[in-house]
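Number of protein chains: 2
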Amino acid sequence: VPNQIITPEIMPKLTVRNARKAPSAVITGIAPVVDAGCHPVKRVEGEPLRVEADVFKDGHDQIAVCLHWRRCGEHSWQEVAMVPCGNDRWQAEVVFDEVGRYELTLSAWPDAMATWIDGFQHKLEAGEKDLHLEILEAGILVEGAARRARRSGEPEVARELVSVARLLPELDAESVAEVLFAPEVASILRMWPDRDLETVVEPYLPVVVEPLVARFSAWYEFFPRNAHADGRTHGRFRDCVPMLDHAKNMGFDVVYFPPIHPIGNTHRKGKNNQSVHEPGDVGSPWAIGNEQGGHLAVEPELGTVEDFEWLVGQARERGLQVALDFALNCSPDHPYVRDHPDWFHVRPDGSIKYAENPPKKYQDIYPLNFHCDDWRTLWDEVRDIFLFWIERGVSIFRVDNPHTKPLAMWEDVLAQVKSHHPQAIFLSEAFTRPKMMKELAKIGFSQSYTYFTWRTTKDELTEYVTELSAGPERDYFRPNFWPTTPDILPYELWNAPPEKFCARALLAATLVCNWGMYSGYEWCENTPLPPKEEYLDSEKYQLVRRDLGDPGICDFIGRLNRARQLHPALQNPGGIEFITSENSEVIAYARRSEDGQSRMLVVVNLDARNRQESNIHVPLEYFGLDGDSPYQLLDILDGESYDWQGEVNYVALDPTQRVGHLFEIRQPL
Amino acid sequence: VPNQIITPEIMPKLTVRNARKAPSAVITGIAPVVDAGCHPVKRVEGEPLRVEADVFKDGHDQIAVCLHWRRCGEHSWQEVAMVPCGNDRWQAEVVFDEVGRYELTLSAWPDAMATWIDGFQHKLEAGEKDLHLEILEAGILVEGAARRARRSGEPEVARELVSVARLLPELDAESVAEVLFAPEVASILRMWPDRDLETVVEPYLPVVVEPLVARFSAWYEFFPRNAHADGRTHGRFRDCVPMLDHAKNMGFDVVYFPPIHPIGNTHRKGKNNQSVHEPGDVGSPWAIGNEQGGHLAVEPELGTVEDFEWLVGQARERGLQVALDFALNCSPDHPYVRDHPDWFHVRPDGSIKYAENPPKKYQDIYPLNFHCDDWRTLWDEVRDIFLFWIERGVSIFRVDNPHTKPLAMWEDVLAQVKSHHPQAIFLSEAFTRPKMMKELAKIGFSQSYTYFTWRTTKDELTEYVTELSAGPERDYFRPNFWPTTPDILPYELWNAPPEKFCARALLAATLVCNWGMYSGYEWCENTPLPPKEEYLDSEKYQLVRRDLGDPGICDFIGRLNRARQLHPALQNPGGIEFITSENSEVIAYARRSEDGQSRMLVVVNLDARNRQESNIHVPLEYFGLDGDSPYQLLDILDGESYDWQGEVNYVALDPTQRVGHLFEIRQPL
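Protein chains in written order, with my numbering: chain W, 1042 to 1710; chain Y, 1042 to 1710.
Hint data in this document are derived by calculation from the structure and do not stem from the laboratory.
Hints should not be assumed to be uniformly reliable.
Since copy identity is lost for identical chains, a pair holds within one copy or between any two.
As the list claims (entries may be wrong) - List time: in silico EDC-like cross-link candidates among lysine to aspartate or glutamate, alpha-carbon distance up to 16 angstroms:
no., residue 1, residue 2
1, Lys1402, Glu1169
2, Lys1312, Glu1215
3, Lys1499, Asp1415
4, Lys1312, Asp1322
5, Lys1402, Asp1159
6, Lys1289, Asp1596
7, Lys1401, Asp1171
8, Lys1402, Asp1076
9, Lys1476, Glu1508
10, Lys1394, Glu1178
11, Lys1573, Asp1528
12, Lys1170, Glu1215
13, Lys1573, Glu1508
14, Lys1401, Asp1159
15, Lys1402, Glu1166
16, Lys1312, Glu1201
17, Lys1446, Glu1342
18, Lys1476, Asp1095
19, Lys1312, Glu1575
Predicted model, so just to flag it, every value in this text is computed and none were measured.
Same shape as in the complex, but just chain W:
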């Protein structure tokens, strides 16, 4: 029955075989791998990857183990010797300096010279007299190394080794040991080992190296059409510079725009998602396409593609990257409907099927049929949309609802895009079941939206962040925490006070390395449209009035983002440990940089309405503190400093003064 199989491009690994000789060593238990090597391990430029494996062989031979890596497409490998770390486990570290896709493998072989040295040493120590055969055997090993050096174009090394080999039979055992145990000779011999019995892992293990922003970023989302924020005037790209400055002032490094394409007219949604619209209603930017164009066009009210490119340039001058929404939603007016009706689901009467989740109907959207007969062309078109915008200066995409499109398409398209533009990164906007969210990360998304929006208690936050930072997810799933989005005003923030907004921002910005804030959050917009977790008068369907002069919590947000930039502890995804706080309304966690030099302690009052006190159990060992000496904590949000000592210390958090502490541990180191 299963007869429609092709072999996938990348397949998982196994200890494999040497074709010329019988195989020798076993290499297994390689880490890190994602799904046995089906999917790449993720790193960013300059981030070390420590590879470990169980390597052993039968009998008493010494073995040599090697880690090899190369950029995909390159021919030659780089290699580094792996070192044993006990219980047959070996390790080595590699750092990838450039973005791109890499592959790595491991190999091992019996190290005949090391085995000989080991045996010879034992026999010398035991006082054995007749070692002439052992010395002849050493000569043969050294001659082998000479032969391999010569073959590799090192005639001088070869000559040197030959003279060593010829010298040996003239010497007594002690002198042989002196010659061959000498570090300079040993290291030359190690360079020309006999790899006849080498075992190599295949298929190779994939690694994808992305730009730093994939691991560490702060996003600010705003609607360019709302640049005036007067609730009336449709903003244009050319009006957006004040918004860029606003984002920059708050310390963000990515500005993200909802779709900028022409918006459909047919069944255009009215204010508050009403099924009919009134004249002048701007419609949802996620209903893409009309007679002005589709995914390669720009809504004329925003300006032109050139205006957009100009705005991207303005952002870049300010050190901001622009992220674009990538939503494969077509309005009934999209050019694809006319040009490629076969890309949609066609009904028995020849009409095109609109989106539905029975009995709900979404008549303003025609879903694409990614499994249509012409699927290859359609998938290539998806790729080309990415390439088009990358050529216009965008290399970050927030992909809308990727979980409703085939995973195989994303794997194919994202890999193609990255093979052209390895600096491109993709944020998966999938609020769905956990395994689907993880799979999207495995198959190519660089960052992922998360359940943070609904994780509010200490237990929920602890469990969730521990899973993401210490589980297998850490090698492929990069969480991006958003307190709100245009789609979601969570119950937790309904009519909530500014202190709650501060607390949630503090959590988002310090629990993980990527976070994002949707415009309006800085002014604590908190009016819901019950019973849904949505905003009343949502910007998705209308222009909204905001007062850009209102300070709101902008200053707090700015301090947060600057703290993130200054402290490597907040940039290290694995460097988090939840610590005991005796009050369930107070959460506390330690952050640490890879090298342990940067150390932060975060304490947040989860109840933003009342003063909460707690004893905090400082993880002294984690911070490299001894139990006796005092140490200083500087709250980098307000500049106050504290002297603590020992493990248990006391905090009081009165929301009218502060919602939490963001402590730098200052001394002693």
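Given the coordinates of chain W, assemble chain Y onto it according to the supplied hints.
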């Protein structure tokens, strides 16, 4: 550098693709697998294998998931529908009735009919009126099923379905639902699904199904040459029937013989492993080969190959299987030395290298060079030795020191042997580092010696047995517990009283499903050869005197083995749970059969010299007992019964009366 690679025969798995269409579902997280499918999962005939996987697809479609399996070499697959068990996990169970190697795979596809039914139901419930397009769509789906039925040679089913399809447009929505939701129609439609978008897992997952004795066995080891046990007369195969009866009376089902081949003369070891022997010394059976032959011959003092076959027949008549030692050790007199000197390590002076572990020398043994140029012939010879003895009635082999020979050779040879004789099983005698021991189990050994011999405390036993029964090992590593072997009299048993021998046997026989006893244990032979953990006057080098008329602890051993045979709880490797006993000298554990019908509670006094008391915390839920009703325990070693109630109950174990309880939980169920 890594340029000597061949693609292994079996490679691990990945969700794969449909070549004709774009792929759809994701299948991942398959369990059980061993090293991502590099190595087979093990089962025995009749033992169920429950397969689980994460299966999902983009969007809201319903999916169908299927498990497929077949014997390797067969063309057609059997299949069973998998059922969802929450959180995108699916499961199905398969039972293999015959020994052999199998492969299995999983597939999934969008179930268009189920998706249609689901949507139609919702629309009906929402009171939608105009459903004529939906009904036409159903007709198209039913016609598709009809087409597939016709193509598969089911014209009648096809005709029926066509008539259903033609009927539909005539009906109103309610009647359409009545027709299509009817179980008999739905089940026919399910038989002819549209698998155009099927995703199939490849490579297939290997499963090896072995005879029952691989999972559940009790071994008795004796030296046929000691059949007279008078310390003087060399026994012959024809003298061994009383020993078979002795083993049978104690309830064993496998009798295992050390090597039966001609023993080398050159550097033959004397009594107590002395480097020189005296005239008449019988030598170690593990130094194989002399002018009388090698691994295909029988030591003439034991008789002939025909005598051996006769003895195997005698054993079989008694319900005993014979296991043979398989030791690839060649004495300097082995015919291979003359016929295949290139199979050994040759030194620069042309001599053959004897075994050594510098500075130790083993001049009575020449190790084979399994990586010699003629390795393929040598490996085939190893295979042929197995085949030779299998043809003479032996299908169980205890393989000596497999960890000093290439793992790749075992993987190759054992697979070849099993492809001819799938009933053959192999016990790995590797007392070495943990990862090597596990790897040997992965690559083909059916059972493994363990560290049990040196695990004596409650914590050690608990930790070790928990690892073996509940860790990933459970799918490939079958422990065989031996309190002693001819090589090992552990410190624990040096000069130990019979009670200690009983306690260790009770543990070995009830902690795991395979155990073995080396002759002499039943008479509590306990004299060591300090400082080594070996026997004084070991049978390995001489004939020994024993009194077969001495009852020793034979009766206790017999009760143990019969309890194992009668109680399925003791035959289920995964069915063990360690329970709280408040005294550290008293270990207690629960055993349970797969179906929960058979329930045992084992309590052992680890201090065989003193009375020990303890409260035992009975795992009521594990046993299906409620907290209120009393239950009866029958000690099946001595027939005494006890009435207990609730969780905590008291035991007192006085070694002069009993070393432990082997309780059957009798009621209520």
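Hints, verified against the model:
{"no.": "1", "hint": "Lys1402 with Glu1169", "result": "between (90 angstroms within a copy, 12 angstroms between copies)"}
{"no.": "2", "hint": "Lys1312 with Glu1215", "result": "neither (92 angstroms within a copy, 37 angstroms between copies)"}
{"no.": "3", "hint": "Lys1499 with Asp1415", "result": "neither (50 angstroms within a copy, 66 angstroms between copies)"}
{"no.": "4", "hint": "Lys1312 with Asp1322", "result": "within (7 angstroms within a copy, 103 angstroms between copies)"}
{"no.": "5", "hint": "Lys1402 with Asp1159", "result": "between (76 angstroms within a copy, 15 angstroms between copies)"}
{"no.": "6", "hint": "Lys1289 with Asp1596", "result": "within (12 angstroms within a copy, 86 angstroms between copies)"}
{"no.": "7", "hint": "Lys1401 with Asp1171", "result": "between (91 angstroms within a copy, 15 angstroms between copies)"}
{"no.": "8", "hint": "Lys1402 with Asp1076", "result": "neither (38 angstroms within a copy, 46 angstroms between copies)"}
{"no.": "9", "hint": "Lys1476 with Glu1508", "result": "within (13 angstroms within a copy, 28 angstroms between copies)"}
{"no.": "10", "hint": "Lys1394 with Glu1178", "result": "between (79 angstroms within a copy, 12 angstroms between copies)"}
{"no.": "11", "hint": "Lys1573 with Asp1528", "result": "within (10 angstroms within a copy, 74 angstroms between copies)"}
{"no.": "12", "hint": "Lys1170 with Glu1215", "result": "within (11 angstroms within a copy, 100 angstroms between copies)"}
{"no.": "13", "hint": "Lys1573 with Glu1508", "result": "neither (28 angstroms within a copy, 49 angstroms between copies)"}
{"no.": "14", "hint": "Lys1401 with Asp1159", "result": "between (76 angstroms within a copy, 13 angstroms between copies)"}
{"no.": "15", "hint": "Lys1402 with Glu1166", "result": "between (86 angstroms within a copy, 15 angstroms between copies)"}
{"no.": "16", "hint": "Lys1312 with Glu1201", "result": "neither (85 angstroms within a copy, 52 angstroms between copies)"}
{"no.": "17", "hint": "Lys1446 with Glu1342", "result": "neither (30 angstroms within a copy, 76 angstroms between copies)"}
{"no.": "18", "hint": "Lys1476 with Asp1095", "result": "between (29 angstroms within a copy, 8 angstroms between copies)"}
{"no.": "19", "hint": "Lys1312 with Glu1575", "result": "within (13 angstroms within a copy, 88 angstroms between copies)"}
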